[in-house]
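A.B. asks: Chains as they are written, first to last, in this note's numbering: chain S, 1 to 352; chain E, 1 to 352; chain D, 1 to 352; chain U, 1 to 352.
There's no promise every hint is true.
[As the list claims (entries may be wrong)] Calculated cross-link-like contacts (lysine-lysine; reagent style DSS-like; alpha-carbon spacing at most 25 Å):
id : chain 1 : residue 1 : chain 2 : residue 2
1  : D       : K21       : D       : K49
2  : E       : K21       : D       : K21
3  : E       : K196      : E       : K309
4  : D       : K21       : D       : K47
5  : U       : K60       : U       : K49
6  : E       : K21       : D       : K88
7  : U       : K316      : U       : K163
8  : U       : K88       : S       : K88
9  : U       : K88       : S       : K21
10 : S       : K163      : S       : K60
11 : U       : K21       : S       : K21
12 : U       : K21       : S       : K88
13 : U       : K196      : U       : K49
14 : D       : K21       : E       : K88
15 : E       : K88       : D       : K88
Keep in mind the hints are simulated off the structure, nothing from the lab. All values reported here derive from a predicted model rather than from experimental measurement.
Number of protein chains: 4
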Amino acid sequence: MAGSSFGTCFRVTTWGESHGKAIGVVVDGCPPGIPLDEALIQTALDKRKPGQTAASTARKEPDIPVILSGVFEGVTTGTPIMIEIQNKDADSRAYSDIARLFRPGHGDITYLAKYGVRDWRGGGRASARETAARVAAGAVAQAVLDSSGVEIKTCTLELGGVKARRIDWNETENNRFQCPDRDVVAEMENRVKEVKKQGDSVGGVVEIRAVNVPAGLGEPVFDKLDARLAGALMGIGAVKAVEIGAGCEAARMTGSENNDQILEGRFETNNSGGILAGISNGDEIIARVHVKPIPSITKEQKTVDENGKQTTLSTKGRHDVSAIPRINPVCKAMVAIVLADLLLRQKAVSCS
Amino acid sequence: MAGSSFGTCFRVTTWGESHGKAIGVVVDGCPPGIPLDEALIQTALDKRKPGQTAASTARKEPDIPVILSGVFEGVTTGTPIMIEIQNKDADSRAYSDIARLFRPGHGDITYLAKYGVRDWRGGGRASARETAARVAAGAVAQAVLDSSGVEIKTCTLELGGVKARRIDWNETENNRFQCPDRDVVAEMENRVKEVKKQGDSVGGVVEIRAVNVPAGLGEPVFDKLDARLAGALMGIGAVKAVEIGAGCEAARMTGSENNDQILEGRFETNNSGGILAGISNGDEIIARVHVKPIPSITKEQKTVDENGKQTTLSTKGRHDVSAIPRINPVCKAMVAIVLADLLLRQKAVSCS
Amino acid sequence: MAGSSFGTCFRVTTWGESHGKAIGVVVDGCPPGIPLDEALIQTALDKRKPGQTAASTARKEPDIPVILSGVFEGVTTGTPIMIEIQNKDADSRAYSDIARLFRPGHGDITYLAKYGVRDWRGGGRASARETAARVAAGAVAQAVLDSSGVEIKTCTLELGGVKARRIDWNETENNRFQCPDRDVVAEMENRVKEVKKQGDSVGGVVEIRAVNVPAGLGEPVFDKLDARLAGALMGIGAVKAVEIGAGCEAARMTGSENNDQILEGRFETNNSGGILAGISNGDEIIARVHVKPIPSITKEQKTVDENGKQTTLSTKGRHDVSAIPRINPVCKAMVAIVLADLLLRQKAVSCS
Amino acid sequence: MAGSSFGTCFRVTTWGESHGKAIGVVVDGCPPGIPLDEALIQTALDKRKPGQTAASTARKEPDIPVILSGVFEGVTTGTPIMIEIQNKDADSRAYSDIARLFRPGHGDITYLAKYGVRDWRGGGRASARETAARVAAGAVAQAVLDSSGVEIKTCTLELGGVKARRIDWNETENNRFQCPDRDVVAEMENRVKEVKKQGDSVGGVVEIRAVNVPAGLGEPVFDKLDARLAGALMGIGAVKAVEIGAGCEAARMTGSENNDQILEGRFETNNSGGILAGISNGDEIIARVHVKPIPSITKEQKTVDENGKQTTLSTKGRHDVSAIPRINPVCKAMVAIVLADLLLRQKAVSCS
């Protein structure tokens, strides 16, 4: 049944397959009067464009967004905003060989189990291409958040086992991996090249921070801010773990270490990641996602065909070696959508 | 705005505060004809009852569920099932001292920021007591899942830094921590006692597995099975990280290591945790949660009062030293609710 | 699947069967800081209490509401408000004879078709008794609306074919039928008595007006104010038609007759019923419902039993002769819930 | 906030303004494996095309639907189906004169009250043009219903005061008004011409019937079939009243007249309109809508401008004289969407 919508007040509905005519998103519930144009969305899309690092696919999509509704004379009108991105460089030929095979690590086998039919071209609906629509919606969400001064940033903490040893937020825009530690960028580059040569792929870790988030966002007890963030981030294709604040480390701390003691006007530490009892506390929101390696590899793997017969497969197609850094703007977009939605939901907490 | 409901086809709505007259849950959308009585719910509630380990609070709630609707002649009727649990042992006196202070690590400060008023008695709505209602709902969800043979189990992988070195599922019911490794139980017990003496608290790690989950559950692209699980689990009070399958480790594997190659009728490994592209693949569903230490500690901590004035606080009240193992049945309940909902949603994927 | 919730920001979930232990409602999303107590809800419930007119059932329920959560120190806290009403006078004996028969005009046959099982005692979930929970929720909604000065009133335009010839709103509280025309009250009374003697029942027409509704409420294009009102009112058991403003008459007017021309600060007429393009225009909201006669009659009727065998039935039990006037506070409650929800949703239209 | 989606399992989200680049709809939750192509949607759209009767606007939109996603190799895949219709003949010049005026009977004044900005071109989002997207979605819904043999038909019972005196369903496709009584077609035609000459407009009554609807559809107590139908139909622009079955007449019947007595395998009458306690009973679903006259008339009317200054207005633009018969396929579409959604929801009532 329907599952392609996200959000309550600010609701996005994505549509489209990897090799269909187009993909896109309807953003419903965007407040009126917000300046919005295609250039703003283009800027966001450009950050997830393929072909910018050695880690990226050879597929070259211009990813030009067209706004078809909801904007009049340069501002949003409060009605649904439809953003469409045409698929220009879809090449399904590489996929026809594997149309009846299940690629390991992919949704081929589960989509067939679920629906009984599947669009095998480029992964169909399960392709990471769908995330372009999320990024477009995230740009709209960010425009909503701008009114509150909320800013969201991401960095690559780890790639293929190479870890950033420090976080310098000024550095993230200076290198192709959005790595916050310039000293390990070369190492990341080498790791990616090496793995590519082996016909393999790598994963990594991305941190997302949101600053200036007003206290009070999140709707107990099931739509808490952390619950919404976790759902939003885990719903991105390659993500296998989500941490908030101290995250996994919190499990090894004592209460006296982990509690953020409260000083006048601020917290002494931020192990909570800016969220207490599922509600923002005014501090920085901190989340991290752990991203699995891209499943499409040229190394030969065992699999079965649609009849269950054993065979092997070596993925061709055009693929990234790592979902990082292209996943970074997707994470940013999802966090923006969560925050915009909860910001608007918080308006409805008061009737005066 | 409204945030106390969870699920689409199988929808639970919890209500109640820690020291109010009662807490409870409405389970709407439960299929008809399922045997259900209070004994079945009692069994589930007994597993999260306080007072069973050294880690537990001294508050003694009998936690007796009463079914007020939705069941007739021993079976569900398809109408809303209301389960109520009276609060018997609520003692608000220990809280009156801190009624105007914000306890570090708690939602006191954020509830006030959000709502402008707050029920300070025992944490009000933010209390872990609310999870009793989830456990009751989880028992109903499990009754739904029984028809598909789905079974959910949990174990304590880590407590206060003490790790299980092996997982023996037969062992988990034999000790008070639901630890799957009998060799470390004593060590866990000692760790908990030691921390209690220090007026401190500890966290840990819980693993949840669901077996016999049919392939095909999960609704792309925003209500994927892993997204729903992450949201459901992160929405439990003390949880700060959620992993699926290989989880954080996946970020350090290569694609050839991480991909679960496909053999006739099964997968060679289960790094995916039974979920591909957000849809169950028929293998075991595996999730882990990282639980922060209980924030209520007797050690003195810095905080401010409602006027922003600096002060210190040493929690009295009656509290657990660790959310584990009482959180285990809550995790189990949330996973059951997610699976029951997605099982029913999958029915609606077909019109024939 | 789940269908017992209504509303998005202000969401009510009713539960309970006619002859179960209790019925009730969870009101989630009520803004915090609103004065609320049981007396206020009692006042609303008293208006739908049976036994006040010749048209009413002999069942005497005290209908005492108990607030179990969501209110602290006399005001709402923003958390779910659970209101419970015990069933005291449920007498299922009269129903045991007809436990395997389908009463014409009732949901017996459709509940069984839908669920495969049914609680036959007093109509189970389909009983009008469920509307007591709606009235309780409506009282909370009205408390929300009070902050905007919104007032909702109802009157009985027609009963058993006897029509009010004029609307005097001061008159409605002066007679037992909430009839706005004192000159026809005796006639209504006679009609009801006559029909009762015949073992039959009657229907009628109720008008609902909401004044001081701010302009701007209603969410195009599917959650328009008129669409929400129509859904809310048609969802009340005996309602078979809903009109807004000029309603059916509008179909016979020309555009120049029907259009409400706009003067400075007001409309010349109110054929629209205060709603243009699904959004409130600041004028009075006007709705009318057409209510069918109570299906439970003592006259013998043809029916079949659960095995499909032809038989006859003469309803015993204790029943109203007309749903009017007891349906009036239910209509008022549903309109209040719709308006409170849309009032809060409108807050989320702006992000500033 | 978001209000452009309708349905739970089968969910449609429309987008687009009258004079924007395009309008369209995302249909999410459509079951997989259903044959669907643009021709099927075109057939449905052709029935609401302007320019077919004297009652129609002069605007000539080809209304060519393009399916951009969710269909592969001729069948639905279970993923969102995006259908786009370009606006070709939008001519905003006639509207620029009245860009700062509020047209009586239109949403100009309420959209501005709600959003603070508005797209004045051709009514923007409030234009009946949006219903083309609903008709497209309705065609998909009908494809879902085909699997159950459900058939939906409509007829014009009344137009400009001219009433059909009998219903001959074979007749409705033989005349331009979808009138079921050939003897009054000429009279309708004359009435429309006369009104047009006067610069005025007319309304009417449309009946919708759905046959072969399985018993059991509808989700008590708020998503009852009649409640959903009423909401869906009242949400169509010009509709001011909705009746189910005997409708308004039921209010004047006694219980013994109104109850549909039950015979073996069928009901003796169908005053209920096929719905008992909000659930389909297997009989024909009957609904009627009362449609107001088109508010755009060339007769001069009083209004104010955006500054509240009194003025007069005579609508130019290109408009229908009556919403009938173009509203008929829109009613049919909304009923199809309601039924498809409830058909799928009913699947989720059972877990076996």
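A.B. asks: Between the alpha carbons of U:K60 and U:K49, is the straight-line distance 25 Å or under?
C.D. replies: The given pair, whose Cα atoms are some 8 Å apart, holds under the 25 Å limit.
A.B. asks: Going straight from one Cα to the other, do U:K21 and S:K88 come out at no more than 25 Å?
C.D. replies: Status holds; Cα separation ~20 Å.
A.B. asks: Check whether the Cα positions of U:K88 and S:K21 lie no farther apart than 25 Å.
C.D. replies: Holds. U:K88 to S:K21 sits at ~20 Å (cutoff 25 Å).
A.B. asks: Given the hint that E:K21 pairs with D:K88, does the C-alpha gap stay at or below 25 Å?
C.D. replies: Satisfied, since the Cα-Cα distance of roughly 20 Å is no more than 25 Å.
A.B. asks: Could you grab the alpha-carbon distance between D:K21 and D:K47 and see if it respects the 25 Å cut-off?
C.D. replies: Roughly 22 Å between the alpha carbons, so the hint for D:K21 and D:K47 holds.
A.B. asks: Taking 25 Å as the top limit, are the C-alpha atoms of U:K196 and U:K49 close enough?
C.D. replies: holds, 19 Å
A.B. asks: CA of E:K88 to CA of D:K88, is that 25 Å or under?
C.D. replies: Satisfied, since the Cα-Cα distance of roughly 24 Å is no more than 25 Å.
A.B. asks: For a C-alpha distance cap of 25 Å, please report whether D:K21 and E:K88 respect it.
C.D. replies: Judged against 25 Å, a Cα distance of about 20 Å means the pair holds.
A.B. asks: Given the proposed pairing of E:K21 with D:K21, does the C-alpha separation stay at or below 25 Å?
C.D. replies: holds, 18 Å
A.B. asks: Is D:K21 close enough to D:K49, meaning Cα to Cα at most 25 Å?
C.D. replies: Given that 25 Å is the threshold and the Cα spacing comes to 18 Å, the pair holds.
A.B. asks: Check the hint pairing U:K88 with S:K88 against an upper bound of 25 Å on the C-alpha distance.
C.D. replies: Satisfied, since the Cα-Cα distance of roughly 24 Å is no more than 25 Å.
A.B. asks: Would the hint linking U:K21 and S:K21 be met if the CA-CA limit is 25 Å?
C.D. replies: holds, 18 Å
Going down the numbered hints, you'll see the structure goes against 3, 7, 10, while the others check out.
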